[in-house]
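A.B. asks: Letter by letter, the chains look like this.
Number of protein chains: 2
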Amino acid sequence: MRALVWDGRELRFDPFYPPLLFKPAIEDGGSKIVGATGSRPLPPRAIVKVQLAGICSTDLQIFKGYMGFKGVPGHEFVGTVADGPNEFAGKRVVGEINFGCGNCDACRRDLRRHCPNRLVMGILNADGAFAEYVSVPAANLHVVPENISDEEAVFAEPLAAAFEILAQIQLSPGDEVLVMGDGKLGNLCAQVLRLSGAKVTALGKHADKLALIKKTGVRTVDLKDWQPCQFDVVVEATGSASGLELALGAVRPRGTLILKSTIAGKHQVSLAPIVINEINVIGSRCGPFPDALEALAARQVSVTPLIQAIYPLNDGVAAVDHAGKPGARKILLRPT
Amino acid sequence: MRALVWDGRELRFDPFYPPLLFKPAIEDGGSKIVGATGSRPLPPRAIVKVQLAGICSTDLQIFKGYMGFKGVPGHEFVGTVADGPNEFAGKRVVGEINFGCGNCDACRRDLRRHCPNRLVMGILNADGAFAEYVSVPAANLHVVPENISDEEAVFAEPLAAAFEILAQIQLSPGDEVLVMGDGKLGNLCAQVLRLSGAKVTALGKHADKLALIKKTGVRTVDLKDWQPCQFDVVVEATGSASGLELALGAVRPRGTLILKSTIAGKHQVSLAPIVINEINVIGSRCGPFPDALEALAARQVSVTPLIQAIYPLNDGVAAVDHAGKPGARKILLRPT
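Protein sequence lines, in the order shown, are assigned to chains L and P.
Per this note's numbering, the first sequence starts with residue -7, numbered consecutively.
Per this note's numbering, the second sequence starts with residue -7, numbered consecutively.
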């Protein structure tokens, strides 16, 4: 099949990538997962024909060595089930990216996102969605309601990550929230947090991206006009290490700081404000897909303005180049 | 009066320290607090004759420049009210160390520990307890039950700080908790967290201090025998920056890390585990005195074994030297 392949040094388009995912041992993660599950029956999987896939900042980090991943990248997708359990046959689906072993404490507590033996689509030991087909455990799939377009559904994964914040903390109407970062994740977080009735301010340094956020009804502030002040909740979604000091200073005593950016490397940071002000710092990663799909179906969030361009899969290398350019918005790949 | 005085460079014993605390403008923090409270009546204060005062790691940090404090240090004390509101006349008391302005949002929400205009006894713009007398807002005082000795009551402040953890998180019997640090605060935290029914392990590197913790019924592990494993809750109370990486690695996914050490300077640390494992990091500082006094009165915690020596106030400089020696336990000062 056609696929983009990262070999640890170079990203290339491969017109004849072996469809390894159809071979059971590999399909289920190779020896690692087989070892972990022992002789239990393997969980049912589905083969999804990818309609659209999104290039995410994490993908760009992978091309800098993050996670040491090799294989087909890509973890944001919408597609049609080509093969799999009957209930999904021919259905349009999106999919959660963490493949749990199904056999550990975390999986038993329905926390497969934190399974210590997990594979992660396009990130850790599992081929991803920058390809004609992707293999996904059926338990990870969610059927897409008809009134959601492919161009909207492909945002389900990052939108779910934004909804994770609401699953982690209780926001009340009138709470003052600062979202730091005007990129794609910052935009989605600002829109989602606003649904709680909180007063959301987005802080960024790109006039065009701030304008995009402002259109959704969120108050925006350009970093160059920033006056230090304090918020009940601050969300760090800048994707850079430098924002952390400002973020800690912008949380009121006993307030909450949500960390959304996974940044490789070490921070040089004073953590004393966390103790002195008794701040609650919460790491936040993947989130609930049903909430994301509901919000898209109900038109509560607006995602398509974030799309910058759609490339055919064959031009995937150029698409990734484009996604890495400063100021780029969401770049999508269309394999079909 | 007699007092220990830190002038920013040197700690000395002053037999004739001006009892500034009896002059109203200074007593209430000088122009800063007077300005903050405007023309409102000043909150009633008490003059406490100090019976015992404890030297704490924060004091040692102050002598390295922390907070830029100048004046009489000391914030752990037990004493007798020499002058003040009738309800406290002649009573034996301990006192909370944060003096709120009484007029801001934080104070109105009963959070004077987080008042932005606060003075902090012996730490920030207010003379402390290494003296014959200390001036304290009456609202900060707590009467000490008769069955608690002075040597026990002087631990009320650090013990309250340990109870703060239970005020911040819900521990369940059977929860696995790791307390990092076998010093005074680590010891108190381990004892207090055990009251919740949690399974507490203390990690340290001083055989004698670990033995002291073990006597309270807490499981102990020497750092040299440490095998990486994961806990529901980890409390960082080592007082050093180096423990943070180990601490983050010892928290299970979605677990909690309590930061107890206020460490000056910057950490060099990777925060990615916080995001990937969705860890909840909570800063924890001063705590509820009533809980501390109740636990002491009910003999639920054991504090006097932590005492290494009691010095007369006149030998206070030598006492501070002793407190700074590696392996030192709690050093107390007796002004009378």
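Keep in mind the hints are simulated off the structure, nothing from the lab.
Please note that a few of the clues may not be correct.
Copies of the same chain look alike in the list, so a pair counts if it works inside one copy or between any two.
[Claimed, not checked] Keeping only pairs whose Cα atoms sit at most 20 Å apart, straight-line, the calculated EDC-like set for lysine to aspartate or glutamate is:
1) Lys83 - Glu138
2) Lys191 - Asp97
3) Lys216 - Glu138
4) Lys41 - Glu138
5) Lys206 - Asp167
6) Lys41 - Asp6
7) Lys56 - Glu286
8) Lys62 - Asp224
9) Lys197 - Asp167
10) Lys191 - Asp217
11) Lys62 - Asp6
12) Lys207 - Asp97
A.B. asks: Between Lys191 and Asp97, at a C-alpha cutoff of 20 Å, which is it: within one copy, between copies, both, or neither?
C.D. replies: between (38 Å within a copy, 19 Å between copies)
A.B. asks: Are the CA atoms of Lys197 and Asp167 at most 20 Å apart within a copy, between copies, both, or neither?
C.D. replies: The answer is neither: 24 Å in one copy and 44 Å across copies each exceed 20 Å.
A.B. asks: Could you figure out if Lys62 and Asp224 sit no more than 20 Å apart (CA to CA) within one copy, between two copies, both or neither?
C.D. replies: neither (41 Å within a copy, 33 Å between copies)
A.B. asks: Please work out whether the CA atoms of Lys41 and Asp6 approach to 20 Å or closer within one copy, between two copies, in both situations, or in neither?
C.D. replies: Only inside one copy: Lys41 and Asp6 sit 17 Å apart there, 82 Å across copies, limit 20 Å.
A.B. asks: Within, between, both or neither: how does the pair Lys83, Glu138 come out at a Cα-Cα threshold of 20 Å?
C.D. replies: This pair counts as within: shortest intra-copy Cα distance 10 Å, inter-copy 74 Å.
A.B. asks: Can you give me the call for Lys216 and Glu138, within, between, both or neither, at a CA distance of at most 20 Å?
C.D. replies: Neither. Shortest intra-copy (43 Å) and inter-copy (60 Å) distances fail the 20 Å Cα cut-off.
A.B. asks: Reference check for the pair Lys207 and Asp97, CA-CA at most 20 Å: within, between, both, or neither?
C.D. replies: neither (44 Å within a copy, 33 Å between copies)
A.B. asks: Which holds for Lys62 with Asp6 at a C-alpha limit of 20 Å: within a copy, between copies, both or neither?
C.D. replies: within (14 Å within a copy, 69 Å between copies)
A.B. asks: Please work out whether the CA atoms of Lys41 and Glu138 approach to 20 Å or closer within one copy, between two copies, in both situations, or in neither?
C.D. replies: within (17 Å within a copy, 76 Å between copies)
A.B. asks: When no copy is named, should Lys206 and Asp167 be tagged within, between, both, or neither for a Cα gap of at most 20 Å?
C.D. replies: Answer is within; shortest intra-copy Cα gap is 19 Å, inter-copy 45 Å.
A.B. asks: Checking an output row: Lys56 and Glu286, CA cutoff 20 Å. Within, between, both or neither?
C.D. replies: neither (34 Å within a copy, 56 Å between copies)
A.B. asks: Could you figure out if Lys191 and Asp217 sit no more than 20 Å apart (CA to CA) within one copy, between two copies, both or neither?
C.D. replies: So Lys191 and Asp217 pass the 20 Å test inside one copy only (19 Å; across, 50 Å).
In terms of the numbered hints stated before, the structure departs from hints 3, 7, 8, 9, 12, listed from lowest to highest.
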